[in-house]
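Peer 1: Once you've looked at the hints, dock chain F against the given chain C.
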Amino acid sequence: MNDNGTNTAMNASPNLLAPASDLKRRYRTDKWFQRIGLGAIALSLAFIALLFFHIVREGHSAFVRANIMLDIDFAEKHFVKENLAAADYTALVKQALTEAFPEVVDRRDKRQLFSLLSSGAAYQLRDMVLANPRLIGTRQQVWLPADDDVDMLQKGKIDRNLPEENRRINDRQLSWLDTLASQGRLETQFNTAFFTGGDSREPELAGVLGAVKGTMLTLAITLMLSFPVGVAAAIYLEEFAPQNRWTDLIEVNINNLAAVPSIIFGLLGLAVFINFFGLPRSTPIVGGLVLALLTLPTIIIAGRAALKSVPPSIREAALGIGASKMQTVVHHVLPLALPGMLTGTIIGMAHALGETAPLLMIGMVAFIADVPGSIGDPAAVLPVQIYLWADSPERGFTEKTSAAIIILLAFLMTMNSLAIYLRKRFEIKW
Amino acid sequence: MNVSHLVAAAGLTILMAGPAMAARDYISIVGSSTVYPFATVVAEQYGKSSGAKTPKIESTGTGGGFKLFCGGVGVDHPDISNASRAIKESEMKACADNGVKEIVEVKIGYDGIVLANAKAAPEFKVSRKDIFLALAKEVPDPKDPAKLIANPYKTWKEINAELPDSKIEVLGPPPTSGTRDAFVELVMEVGAEKIDSLKAMKKADAKAFAKVFQTIREDGAYVEAGENDNLIVQKLQANPKAMGIFGFSFLDQNADVIKGSVIDGKGPSYEAIADGSYPVSRPLFFYVKKAHVEVIPGIKGFLAEFTNDKAWGKDGYLADKGLIAMPDAERKQMAEVVSKLTPMAMK
Chain C
1 MNDNGTNTAM NASPNLLAPA SDLKRRYRTD KWFQRIGLGA IALSLAFIAL
51 LFFHIVREGH SAFVRANIML DIDFAEKHFV KENLAAADYT ALVKQALTEA
101 FPEVVDRRDK RQLFSLLSSG AAYQLRDMVL ANPRLIGTRQ QVWLPADDDV
151 DMLQKGKIDR NLPEENRRIN DRQLSWLDTL ASQGRLETQF NTAFFTGGDS
201 REPELAGVLG AVKGTMLTLA ITLMLSFPVG VAAAIYLEEF APQNRWTDLI
251 EVNINNLAAV PSIIFGLLGL AVFINFFGLP RSTPIVGGLV LALLTLPTII
301 IAGRAALKSV PPSIREAALG IGASKMQTVV HHVLPLALPG MLTGTIIGMA
351 HALGETAPLL MIGMVAFIAD VPGSIGDPAA VLPVQIYLWA DSPERGFTEK
401 TSAAIIILLA FLMTMNSLAI YLRKRFEIKW
Chain F
1001 MNVSHLVAAA GLTILMAGPA MAARDYISIV GSSTVYPFAT VVAEQYGKSS
1051 GAKTPKIEST GTGGGFKLFC GGVGVDHPDI SNASRAIKES EMKACADNGV
1101 KEIVEVKIGY DGIVLANAKA APEFKVSRKD IFLALAKEVP DPKDPAKLIA
1151 NPYKTWKEIN AELPDSKIEV LGPPPTSGTR DAFVELVMEV GAEKIDSLKA
1201 MKKADAKAFA KVFQTIREDG AYVEAGENDN LIVQKLQANP KAMGIFGFSF
1251 LDQNADVIKG SVIDGKGPSY EAIADGSYPV SRPLFFYVKK AHVEVIPGIK
1301 GFLAEFTNDK AWGKDGYLAD KGLIAMPDAE RKQMAEVVSK LTPMAMK
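Chains as they are written, first to last, in the numbering used here: chain C, 1 to 430; chain F, 1001 to 1347.
Calculated directly from the structure, the hints in this document are not laboratory data. Treat the hints with care, since some could be wrong.
[Claimed, not checked] Derived pair list, reagent style DSS-like, types lysine-lysine, alpha-carbon separation capped at 25 Å:
no.	chain 1	residue 1	chain 2	residue 2
1	F	K1310	C	K155
2	C	K81	F	K1300
3	C	K94	F	K1300
4	C	K213	F	K1053
5	C	K157	F	K1310
6	F	K1235	C	K81
7	F	K1321	C	K157
8	C	K81	F	K1310
9	C	K94	F	K1310
10	F	K1241	C	K157
11	C	K110	F	K1314
12	C	K81	F	K1048
13	C	K110	F	K1321
As the structure is a prediction and not an experimental result, all values here were calculated from the model.
Next up, chain C with everything else stripped away, as it sits in the complex:
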């Protein structure tokens, strides 16, 4: 028999004992498919690694800051007024700098000398004196924040070998800085201000605490609203609602709502919460309400899927021994579905954590320097902070942007690990 004949015969009635002639080809396809799948995973991992590498490389330097140590003379003559906060602390800084460089006398030169220190230095001294008035009359060595240009120079982001007119730090300032460095008075130290401060327009003073707290408050509102409402809606739709045209309509609408662009929710929030209910703009309460609307569909869909995956035998057994419908759901079905619901919630919250578009409409994309204390105070959230810093002209904000991204990722990971922990605790195997 020729080959052709064999094939036709086999197609008609396959011989299960003799190996098929295209077996090799099938194995090959199999192998290729696996390789492609593996390649896809490797590629996405490579991209993630690249992203992390880039962000960490750009952002790690924001966790340290150039500080200058000065001998501050808290002489009593500066504190004659009743109000300690109103004393001229800038004068203290200027005096200390003049003492350190007595040869600088010209007014223009002095201005350049004073510009080596951040404008935050005077406020740091004020806070020190207010916290401990006994400092008055003493001499202290104090580490004060350097200007962002000095900071950039210390971190090698300004090339000191460039011609003078192309640098933001001129040759005289360089020589002063070299003197300070040789005396051990110029160091890069851990940047606590980045973790304890609110937003600032000076890169060396800017911190993420305001944004982190704003994010926490906003997400707390979101979670408090969307989780109970979402779970209740899912339970009703899955366990109690009759199957009719209305529930079908609601289901289709919920699924569509999950795909609505997030800025639409912002417009809704603006119209309903701000213009109609008169809630204040730029506050976590409005942000949380808008993000709750955004996450609701995700939570409902995930919640229903989790309820569906509970085996019917559990329900039947509970009903069989005389439990009411409500008891069946609350005592038996819900605990089993809860891990799945938590997964859905965490996906929704992660989505909400990264949103800026809806917040734009309700005024949360704003410069807010004070750390918010309650849900009624104006606040920014982390993604908004990243966006605002990325758009600032000062060079120092480039590294701050990446550092804020690192904080956002850390926030996300903490949230996710908490959810995984909770899920593991509630998980029941059957």
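Peer 2: Leaving out everything else, chain F in the frame of chain C:
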């Protein structure tokens, strides 16, 4: 049940939070993204030195700012609107219709718009006519100036033999930006007027002329780079052939990697913008709602901080951030307007 407790708690929080937030104890500012970097510095200084709450500043763009500002009088509406152009008559009317009758106009200084490229690239010396010819969607046919044709120029050299033989590639702001409005008005319009056939057209049909200078080409020579000027600076470094359009403060902060082009014989320096010889500069403003000054705490203090020579003066901290200070006499006059809160004449 646990869940119902949560729902009740959430509902209660909202109900209780409502009345507590009726009053506002911080200043609310909206408006131009060009003024934003300056207003924020003043706000921060004011907040730190006075111990009061730091004003909240939203960057909504000039037009968007006026829309909110003119929404009405009351704590729900902003107190101050920043603007990179003077208020329009239509906006003033909208304000008056909503009861915002007394507005104080404060000019704070000047801003230059620069055409810049990478430090490594050759310096550009262009006229506004060159820029118009490079960026307009339709330009007069070189053979028959009365006819408009789709922009045929691919390189700068084709426009002006003295310019480098590199591809026209300009990164600039999108139409929603105030910088774009100012660029169109100060560069494209003036450039178009320098061409005889278009000048004649302006006389005959002003609307058609406006369409010619306002329409920027869309064939890839002009790239809308979004509102993020930092991104443009980074792209210029990566691509020395490209040019970028943005505010002077970004050139000032990044003078080690980019340089401004000479436009009509003048380079963009602080001095040239201050004395008005650099052609592409515009005044910056903010507008204060007089009815709010006595109601919202801190407005007077904020205004005093802003109009202090330590802030907007020649050696002030705003100058360090790239704001071009006004001449002494003008500053003095403005400071007086602010201290007396003289409202502008409503049209």
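Peer 1: Decide, hint by hint, whether the structure agrees.
Peer 2: To see whether the hints hold, each was checked on the structure:
The straight-line distance between the Cα atoms of K1310 (chain F) and K155 (chain C) is roughly 30 Å, outside the 25 Å bound, and the hint therefore fails. Between K81 (chain C) and K1300 (chain F), the direct Cα distance comes to roughly 23 Å. Compliance with the 25 Å bound is thereby established for this hinted pair. For the proposed pair K94 (chain C) and K1300 (chain F), the alpha carbon gap of about 29 Å is over 25 Å, so the pair is violated. The straight-line distance between the Cα atoms of K213 (chain C) and K1053 (chain F) is roughly 17 Å, inside the 25 Å bound, and the hint therefore holds.
At roughly 29 Å between alpha-carbon atoms, K157 (chain C) and K1310 (chain F) are farther apart than 25 Å, so this suggested pair is violated. For the proposed pair K1235 (chain F) and K81 (chain C), the alpha carbon gap of about 53 Å is over 25 Å, so the pair is violated. Using a Cα cut-off of 25 Å, the hinted pair K1321 (chain F) and K157 (chain C) holds, with the two alpha carbons roughly 19 Å apart. This hinted pair checks out: K81 (chain C) and K1310 (chain F) have alpha carbons roughly 22 Å apart, not beyond 25 Å.
Of the pairs offered as hints, the one joining K94 (chain C) and K1310 (chain F) holds, with about 16 Å between alpha carbons and a cut-off of 25 Å not exceeded. Simply put, K1241 (chain F) and K157 (chain C) have alpha-carbon atoms about 24 Å apart, close enough for the 25 Å limit, and the pair holds. Between the alpha carbons of K110 (chain C) and K1314 (chain F) the distance comes to roughly 16 Å, so the proposed pair stays at or under 25 Å and holds. Proposed proximity of K81 (chain C) and K1048 (chain F) is supported: the alpha carbons are some 19 Å apart, at most 25 Å.
Distance hint between K110 (chain C) and K1321 (chain F) is fulfilled; the C-alpha atoms sit about 19 Å from each other, no more than 25 Å.
The structure shown violates the earlier hints numbered 1, 3, 5, 6.
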